[in-house]
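K.L.:
Here the protein sequences come in this chain order: X and W.
Last residue of the first sequence? That's 285 in the working numbering, and every number before it is there in order.
Last residue of the second sequence? That's 1219 in the working numbering, and every number before it is there in order.
None of these hints come from the bench; they were simulated from the model.
All the given hints hold, so there is nothing to weed out.
To be clear about the criterion: a stretch of chain W counts as covered by chain X if any three or more of its residues have a C-beta under 8 Å from a C-beta of chain X, and this derived list gives those stretches:
(1) 1116–1124
(2) 1130–1139
Counterexamples of contact, computed for chain X against chain W with all Cβ distances above 12 Å:
(3) V29
(4) R57
(5) E59
(6) R152
(7) P210
(8) L212
(9) V213
(10) G214
(11) H227
(12) K242
(13) F244
Derived DSBU-like pairs: lysine-lysine, alpha-carbon spacing no greater than 30 Å straight-line:
(14) W:K1133 with X:K170
(15) X:K197 with X:K60
(16) W:K1133 with X:K119
(17) X:K137 with X:K197
(18) X:K197 with X:K255
(19) W:K1133 with X:K137
(20) X:K171 with W:K1133
Ideal Cβ positions, reconstructed from N, Cα and C, are used throughout, including at glycine.
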Amino acid sequence: MTPNAQPTAPCTPVSKPRDAADCAVTAMVEPMVRFQGVVKRFGAHTVIDGLDLAIARGEKLALIGPSGSGKTTVLRMLMTLERLDAGVIWVDGEPLTQVQRHGKTVPADSAHLRRVRGKIGMVFQQFNLFPHMTALKNCMEAPITVLGLSRREAEERAVDLLAMVGLADKKHHYPNQLSGGQQQRVAIARALAMRPKVMLFDEVTSALDPELVGEVLNVIRKLGAEHDLTMLMVTHQMGFAKEFADRIALFHGGKIEEDGPPATFFTNPRSERTRQFLRAVLEGT
Amino acid sequence: MLWEWSYALEVLPPLLRAAAITVEATLLSFAIAASLGLALAVLRMLGPMFAWPLSIFIEFVRSTPLLIQMFFLYFVLPQFGVTLDGLTVGVLTIGVHYATFCAEVYRTGLENIPRGQWEAAVALNLGVFTTFKDVILPQAIPPVVPALGNYLIGIFKATPLLSVVAVLELMGTAKILGSESYRYVEPITLVGLFFLIMSLVSATAIRAVERMLNRRTVG
Ligand SMILES: Nc1ncnc2c1ncn2[C@@H]1O[C@H](COP(=O)(O)OP(=O)(O)OP(=O)(O)O)[C@@H](O)[C@H]1O
Ligand SMILES: [Mg+2]
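Input sequences plus hints: build the corresponding full structure.
P.N.:
Take a look at the structure:
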């Protein structure tokens, strides 16, 4: 792969000058993920409305915004759990769901989809562990069947990751023998076992009792510190977003209302909507 | 005397041989019903291109009597040059017939798997085959084992139909023995007893399997 392989269409600057500046920066180094004119509808309801968003390699992006603004949908499209109605998602320089054939853009076949999807991992709000497998088996399944690791290699990898998330002693437990926080940490280990380049976190602490939130956030902090993973996380935890993310993006009506580094985003938001949203959220906490 | 022990003992050996055939036919039919049923349910789930031809097939098999299907395969197919022996015809017909019912049972099991399990499988990039084999079926099948077990007993009770295609299963054998000696009480009673015992044995076995599966899945 050429290091500077550029997506065909140039990064389209959106009305605001800051976005144009963003484009200039990201044009030099190919972004890890780029949403380009992405549209998603559910029936007549347009949920994502021409989204343009580039996420740099290793960047930690927090997606915030009111309920129903489309944050989950953005992650789900990137994980290929929802199809797009228009636009392109680029992952590591390749379109996720399309391929070029005879100069035409056609929907990708499942082989392409699986290859590109292999770069992405996702952690769900409801954990979605496999209930009939132990923590260890949950983490070994995909590395063995998808990556072709031997049982021993997969087990080594799984054991390391379970230790990393602080669950070395729970590897033979089934999900229903673990607390929510522990299950979510297994889910993180399971996703990491595939060595993704991009990790998606969708409100991964929302289903947890308050006293279990910290242990999961600590694992994410550790991940951020030890790996150069690109991370997209949807969160309602403003404190964590502020401390952890390189950039905050506020969603509103299927578009990014405002984005920027935490320092300026929280202290000096440009948009009135952002101010309103922050006021409402911070009041609640 | 209504019941003669000496005659009962005399007919016991041929009846036991016939019982072996009945059990064989039951197990073979159930193997077909359970595996073909699973294949039908999974295929139906995989896409609309399979869904409607399969629905037509299932509807057809279900809404024509087993007896007629058996007759058709046994007496009509040979006219087209396909000759199958009675046991094969019987096992195939009963197996396919019950497969359509098993498919429905599996479908309920499959539909009860939460969407999150499928999505986790996609997120982990598992292939379709692996997703079914390792993730979905191990969760979908254990809860439907009792329902499948009922069909095992149903198939068992359908085996007397095999006598119409000249298979010497229990019921047919009892009838032949009876017509030879003009004594029906002993052979038919023994047959009834045998069906009762086998049904009880199967029910116990199914419960044991169920318990074992539950232990495994709940952990
Ligand atoms: N499968 C679906 N069918 C129909 N509408 C959907 C579907 N999934 C999401 N939506 C709608 O799309 C919109 C965006 O949903 P999404 O889940 O992305 O929001 P969100 O920003 O994640 O909200 P929350 O903070 O509540 O999780 C909502 O109005 C939702 O009702
Ligand atoms: Mg959401």
